[in-house]
Amino acid sequence: MESQELNWVERAKRGDQLAFGQLVEAYQRPVFNLAYRMLGSAAEAEDASQETFVRMYTKLNTFQPDRKLSSWILSIASHYCVDRLRRRRLNWLSLDDDPVAAVLPSRQAGPEESTLRREVRDDVQDWVAELEPGYRVPLVLRYWHGLSYDEIAEVMGISISAVKSRLHRARLQVAERAPFGSAVLTSLLSVG
Amino acid sequence: MHVEYTELMSLMLDNEASPEQVRTVQAHLKTCPNCTATWRQWQSLDARLKAAPMLAPSPELVSGVLIRLEKRQRRRSMVGWLGGGLLASWGVMTGMIVCLLVVGAWWGRANPLQASVVLSASSHLLSSLLWPVRGMGIALASAGLSLEAGIGGLIVVCGLLLALWVVLAARPSILAQVRVRSH
Numbered sequence: 001m002e003s004q005e006l007n008w009v010e011r012a013k014r015g016d017q018l019a020f021g022q023l024v025e026a027y028q029r030p031v032f033n034l035a036y037r038m039l040g041s042a043a044e045a046e047d048a049s050q051e052t053f054v055r056m057y058t059k060l061n062t063f064q065p066d067r068k069l070s071s072w073i074l075s076i077a078s079h080y081c082v083d084r085l086r087r088r089r090l091n092w093l094s095l096d097d098d099p100v101a102a103v104l105p106s107r108q109a110g111p112e113e114s115t116l117r118r119e120v121r122d123d124v125q126d127w128v129a130e131l132e133p134g135y136r137v138p139l140v141l142r143y144w145h146g147l148s149y150d151e152i153a154e155v156m157g158i159s160i161s162a163v164k165s166r167l168h169r170a171r172l173q174v175a176e177r178a179p180f181g182s183a184v185l186t187s188l189l190s191v192g
Numbered sequence: 001m002h003v004e005y006t007e008l009m010s011l012m013l014d015n016e017a018s019p020e021q022v023r024t025v026q027a028h029l030k031t032c033p034n035c036t037a038t039w040r041q042w043q044s045l046d047a048r049l050k051a052a053p054m055l056a057p058s059p060e061l062v063s064g065v066l067i068r069l070e071k072r073q074r075r076r077s078m079v080g081w082l083g084g085g086l087l088a089s090w091g092v093m094t095g096m097i098v099c100l101l102v103v104g105a106w107w108g109r110a111n112p113l114q115a116s117v118v119l120s121a122s123s124h125l126l127s128s129l130l131w132p133v134r135g136m137g138i139a140l141a142s143a144g145l146s147l148e149a150g151i152g153g154l155i156v157v158c159g160l161l162l163a164l165w166v167v168l169a170a171r172p173s174i175l176a177q178v179r180v181r182s183h
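Those protein sequence lines, which keep their order, are chains A and B.
For the record, in the first sequence the residue sitting at position 187 is 187 according to my numbering, with numbers rising by one throughout.
For the record, in the second sequence the residue sitting at position 65 is 65 according to my numbering, with numbers rising by one throughout.
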């Protein structure tokens, strides 16, 4: 871990909110992106990101310096997002018998979302949103955060073989949903 | 589609396949059109996923975190103060009960009838504030235990439960104060 970040962590442990703010600034983008890809909504991702950092602050004394700070923070974020998806599913099941809809992200755009240029409802998010949380996390960590198998295993608290298996399953499921015919494939490859 | 080969394809996309595994897949693709189609689809999906944008959080996220943290810390501090206040009030009440018992036991030896009347009146007064004690006292009296032994046991149990509750409620604020003082 960089010495600068280690310094911020030590100062934040002593109650230095300025140092804590530096940590939040340094990691807000990866945390927000993980939350967005998991929850499918910029507003929810913002809320989840804030909650992640507050939880990080309350758990600072449990952080081991020999561990990667980014993995630790993303671990908190991913576990919180998975819990949030499970709560969303419980709420849906109490109102609707359709379990598939329970894991789909909220598609209601609040007024704040219309002012946010960053949200893009693309096909990729639709494919990712239909994955089970256990398969969604490794896919997001692999493609949007570039984590290795070791790092994904550390974030999720699972074995490396489980990471391989889940990535494989995630790709199988995304491939089932993606409408890739030969014509589309050819045009994508030519654009790329 | 052969699962054992799609597993290797997944490793290849992540650059985690060994050279031998790569050669195994390549040899298989020469003879299996289904797996070849799958591999091409996965390659285009891989490119599509990698091209998906990273999004920027709102400029207010950092300030939002600090505001949320401050609210949470304030809430925990209030719980700590409430727990401390409850502990103090229960301590006073427990002290009063203990004094009544000691005086009653000492005086009751010589004046059992008057002692019973006083204790009964006192218990009625306190029961308006100590509903759990009252209910448990009635139960113990029905079981034939002496009034002094019963009330003494009730006080010990209630005191332990209250102490546990207050410690659990006040723990975050106590830890925060210890942390501040140690630094």
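Quick caveat, the hints were computed from the structure, so don't treat them as lab data.
Note that CB positions come from ideal geometry on N, CA and C, so glycine has one too.
Any given hint could be a false lead.
[To be verified] Which stretches of chain B does chain A cover? Using the computed rule of at least three CB atoms under 8 Å from a CB of chain A, they are:
1) 11 to 18
2) 37 to 46
3) 62 to 73
[As the list claims (entries may be wrong)] Here are the simulated DSSO-like pairs of lysine-lysine, each with C-alpha atoms no more than 30 Å apart in a straight line:
4) K68/A <-> K50/B
5) K30/B <-> K68/A
6) K68/A <-> K164/A
7) K59/A <-> K71/B
8) K50/B <-> K13/A
9) K13/A <-> K68/A
10) K30/B <-> K164/A
11) K30/B <-> K50/B
12) K13/A <-> K59/A
13) K50/B <-> K164/A
[As the list claims (entries may be wrong)] Counterexamples of contact, computed for chain B against chain A with all Cβ distances above 12 Å:
14) A56
15) V92
16) L113
17) V117
| Where does the structure disagree with the numbered hints, that is, which hint numbers, in rising order? | The structure conflicts with hints 5, 8, 14, although it agrees with all the remaining ones.
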